[in-house]
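Top to bottom, those sequences are chains A and B. Just so it is clear: in the first sequence, position 90 is 104 by our numbering, and no numbers are missing. Just so it is clear: in the second sequence, position 40 is 54 by our numbering, and no numbers are missing.
These are calculated hints, taken from the structure and not from any lab test. Any given hint could turn out to be false.
Identical copies carry no separate label here, and so any pair may be met within one copy or between two of them.
In silico lysine-lysine, DSBU-like type, Cα no more than 35 angstroms apart, as pairs [unchecked claim]:
(1) LYS79 - LYS63
(2) LYS121 - LYS63
(3) LYS121 - LYS79
Computed from a prediction, not measured in an experiment: that's the story for all the values here.
Number of protein chains: 2
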Amino acid sequence: MSKPAARIRLADAAFALFDERGYEQTTVDEIAERAGVGRTTFFRHYRSKEDVIFPDHDRLLALIKDRLATSSHSTGLIAVSDAVRLVLLHYIEEGDLARRRYRLTSKVAVLRDREIASVARYQRLFREFIAEWMGDPTESASLRAELMAASVVAAHNHVLRRWLRGETSDPVAEMDEAMREVLALFPAPSGAGDPGDAGTTLVAFRTGQDLDALLPSLRRLVEGGAER
Amino acid sequence: MSKPAARIRLADAAFALFDERGYEQTTVDEIAERAGVGRTTFFRHYRSKEDVIFPDHDRLLALIKDRLATSSHSTGLIAVSDAVRLVLLHYIEEGDLARRRYRLTSKVAVLRDREIASVARYQRLFREFIAEWMGDPTESASLRAELMAASVVAAHNHVLRRWLRGETSDPVAEMDEAMREVLALFPAPSGAGDPGDAGTTLVAFRTGQDLDALLPSLRRLVEGGAER
DNA sequence: AAGTCAATGGTACTGAGTACCGTCTATATG
DNA sequence: CATATAGACGGTACTCAGTACCATTGACTT
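Given these sequences and hints, build the entire structure.
This is the structure:
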């Protein structure tokens with residue numbers, strides 16, 4: 015009854031103490047003591063002191079991996095930009111807890127680094143997925159996959175941080191918008207199937223830009239990057 | 015004479031031991047002992063055990079910051095993609111040392127995380143620089159700055175890793191090429207100054223893509239992102 | 001009642017990082 | 001030449017995270 019699973023009490027005690035005295039000034043002993051358990055029990059529930067704050071990154075990463083494995087989208091980039099929503103949704107579900115964590119990571123360098131390392135794992139997963147999806151072993155395709163993964167993650171982080179700071183009330187919509195922005199960066203290639211039926215003819219317009227500066231963009235716009 | 019600055023001996027001893035027995039299996043005492051100095055001296059030269067491997071990230075970061083501060087380029091993105099070359103050049107200058115470090119970071123998770131955290135600091139610096147350069151506080155501009163910084167860093171990492179793995183003989187040329195790719199992702203806006211003199215008129219061409227899919231790209235192509 | 005399993009608590013250890021202090025050496029200064 | 005001063009060094013002792021091991025408890029089964 016008065017024992018809500020110890021694990022919860024440990025997390026509560028940890029966050030409380032971190033707020034009161036700061037992360038580095040709090041010892042594991044103190045956390046365990048306030049939670050009313052032994053030091054050993056702490057390490058049985060959390061692998062490390064940092065782990066109290068980032069409990070389920072592993073689980074979330076596995077979830078994403080799963081989503082990617084079972085996803086059927088028209089391009090790798092779209093599949094990834096879809097999967098990354100899970101991360102945002104997870105944070106939103108955590109609610110206030112996520113915000114407390116954000117306040118901590120903003121102040122403590124060690125925790126910020128840890129958070130960054132976690133994000134890098136998502137990015138790596140995305141990069142590998144996109145690269146595999148493209149099935150193109152060229153160096154240029156590899157770079158492209160890297161840029162796509164980095165962009166998706168950057169866009170996600172951008173929206174997530176805005177939400178964590180309370181700067182937006184509809185993060186999901188913003189995420190959609192941001193992902194559209196990312197997709198626009200990497201225009202899909204023209205369909206290989208007969209280009210005669212559905213298609214678009216651009217007529218004419220004038221821009222102040224130099225032609226040389228414009229050419230690479232135009233080429234990419236029409237030929238597409240190389241996905242599929 | 016036989017005392018080449020202790021600091022060097024410590025680094026040599028550390029790398030040798032890390033190669034022989036692995037990073038985690040090597041204690042600071044052992045490093046100090048092989049270098050023929052006391053444990054205290056080790057910590058006097060390097061703040062931590064990891065620091066032996068990443069000695070001058072701080073210095074490099076300051077160098078970049080300086081380069082950005084004194085740079086005069088046409089856009090923030092170009093300034094940043096120029097500054098990031100310094101990082102590549104630094105690694106190339108290190109030569110074999112950089113490769114040994116890469117082999118270590120590939121195997122040891124703690125070191126990889128540390129490396130990633132360092133890179134994130136560059137990225138943050140770039141993001142702030144670009145954002146300030148744009149001087150546009152809109153949310154969309156902020157996202158754009160984030161995407162640009164992430165892309166530059168991703169492209170840099172891509173080329174750097176290729177060089178570290180010995181997959182390229184001319185990393186500088188590849189970096190230039192990769193940066194062109196990044197610049198093409200973010201087309202420069204049409205000049206604000208009279209759009210009548212220099213300019214380009216696109217005439218017409220046909221693509222298999224759907225118009226809706228094409229529109230956002232077209233808009234960005236003409237209106238430019240918002241830089242300046 | 002005896003046995004089993006999981007969760008717990010305690011003790012002892014390793015190793016990183018910090019603080020402090022005494023020593024040595026080189027160089028300057030009388 | 002003798003002495004003073006500063007900087008680099010070595011050693012000791014401490015804190016704290018994380019690991020290993022063992023003994024205890026308590027609930028639930030047979």
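We went through each hint and held it up to the structure:
1. LYS79 - LYS63: both (26 angstroms within a copy, 34 angstroms between copies)
2. LYS121 - LYS63: For LYS121 and LYS63, the Cα distance is within 35 angstroms both inside one copy (16 angstroms) and across copies (23 angstroms).
3. LYS121 - LYS79: Answer is both; intra-copy 31 angstroms and inter-copy 22 angstroms each pass.
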